[in-house]
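For the record, the sequence lines run as chains A and B. Residue numbers for the first sequence follow numbering that gives the first Met the number 0, so the first one is 0 and each next one is one higher. Residue numbers for the second sequence follow numbering that gives the first Met the number 0, so the first one is 0 and each next one is one higher.
The hints are simulated quantities; they were obtained by calculation from the structure and are not laboratory data.
Ranges between beta-carbon positions, derived for each pair:
{"no.": "1", "chain 1": "B", "residue 1": "E51", "chain 2": "A", "residue 2": "V291", "range": "53 to 63 Å"}
{"no.": "2", "chain 1": "B", "residue 1": "S111", "chain 2": "A", "residue 2": "D69", "range": "31 to 41 Å"}
{"no.": "3", "chain 1": "A", "residue 1": "E305", "chain 2": "B", "residue 2": "E9", "range": "35 to 45 Å"}
Idealized CB from N, CA, C, for every residue including glycine.
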Amino acid sequence: MEAKIEDIGVILPEAEELTRPAVDEAKVYELVIIGGGPAGLTAAVYSARKRIDTLLVTKDIGGQVLLTSDVENYMGYYYITGKELIEKFKHQVRQYPIAIKENAEVIRIGKEDKTFTVETSGGGSYRTKAVIIASGKRSRPLNVKGEKELVGRGVTYCSVCDAPLFTGLDVTVIGGGNSGLTAVVDLVKIANKIYLIESLSSLKADPLLVERADRSGKVEKFLGYEVMEILGETRVSGIKIKSTQTGEIQTLAVQGVFIEIGLIPNSGFAKGVVELNGWGEIVVDCACRTNVPGIFAAGDVTTVPEKQIVVAAGEGAKAALSAYGYLLGES
Amino acid sequence: MAILNGKLKERARKEFAGLGEEVKLVVFTQELECQYCQQNRMLAEQLASLSEKISVKVYNFITDKEKAGEYKVDKIPAIVVMGEEDYGIRFYGLPGGYEFTSLVEAIKMVSSRDSGLASESRELVKKLTSLVHIQVFVTLTCPYCPAAVKLAHQLAMESDLIHADMVESAEFPHLVNKYSVFAVPKVVINEDIQFEGALPEPAFLRQVMKVGQKQN
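Model the full assembly from the supplied sequences, consistent with the hints where possible.
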């Protein structure tokens, strides 16, 4: 709680440098970029520098980086917070006349001749000659009984948002990777007791994080356990887990369940339009081309290995330059 | 003690350079037994020092009880952001972290005397017939919360019947408990409707209209 003062205002928005072009549903854009994370924002800057008439359609600006507390491996900054990095990205995007449709979730991509139509849940429809899909990933659900019913009643996928609400309570974190252990370390300052549950027999997280969690004395680990059910009527009251070795079942009394078991691609709207792999990732070649000419993809939503901010940004640049080449050939 | 560092001050000054009409920050405080009251008051005072369009009035929550009643402020720390009139815009708890943005946005909006809502939304709120009280529960580490706070404050600005509060969850555990806040942003409208998440403007407004068109 002492960090409160230092926290003040680190994300004060920069004054607008340029008047943004209005979003226009009547015209045919040259390029629509779907997604406002590192891949989408980098693609936007590259396309604007090529004077491509671009619309960025996105749910939020920042994507998963919004939920990343510390970034220590994005070149140029030996340490920067996720929100500061996004502010810097935004600032750079604002130097260019890029139309941006925020708070919009894409639900469908249609194709007619050589024109694509990108449709959003809010009823928006945008026509374009080329598309870059950079829609990223989202939290993977456990898919167990009680989970859906208790979201917002103690089940959460955003530990950075919701951890402060569990002051003095007993909670569980599911997932022994880096995001799970980061959640544990955040909760150490807040919660009374933390049960860490991992289905494998060891933790995949960086040893540094595991040591921090251990040092608190508040963490009890259940390795080689899977979650069977989240219990509770109107709010979470406990969790039922089972040992993968012995089959022994235990019930832990907890008020909060933090689910950190990885991510799934936001590619539902692209299914049946472009080729996806078995995990739902969009299949791309090394030039970010999908199997459909005119549709490109970049970042975490694609088959490119390593989901990293710096990788996503690089892929976004590549996708924009590939789209530029495509548009030149088409006109 | 400086609440805002030099860099932040500079950026806030830049934000406030374009302020139009005057904005008054009415702060309710109590220096004892209120962990963030002092910081909250100092934050308001420092913001005011950055623009001559912003003024501050500080009241003591205990000794100025009448004023607290007049402004319908029932907990502290509190900041009322107002112009010549009180639009019903409130911040309960220190607006630090992501919520500092919400405070700057509220000051800019009040200064422009324009809610900035879509024209369809403006038409719709004219049809309200009864009082609507919106509480937006936040944490200071929630990147999605300022969108919900801003929208609630825009609605308060637009309609005399709407009052909207930002409530910092960590500072008001009894309310967190009362409304079972386990995820943020959590929006509570009167005592009737609760939902989590930052809804887009039309969807948010539909929820407001559900409670605001009841017969009194």
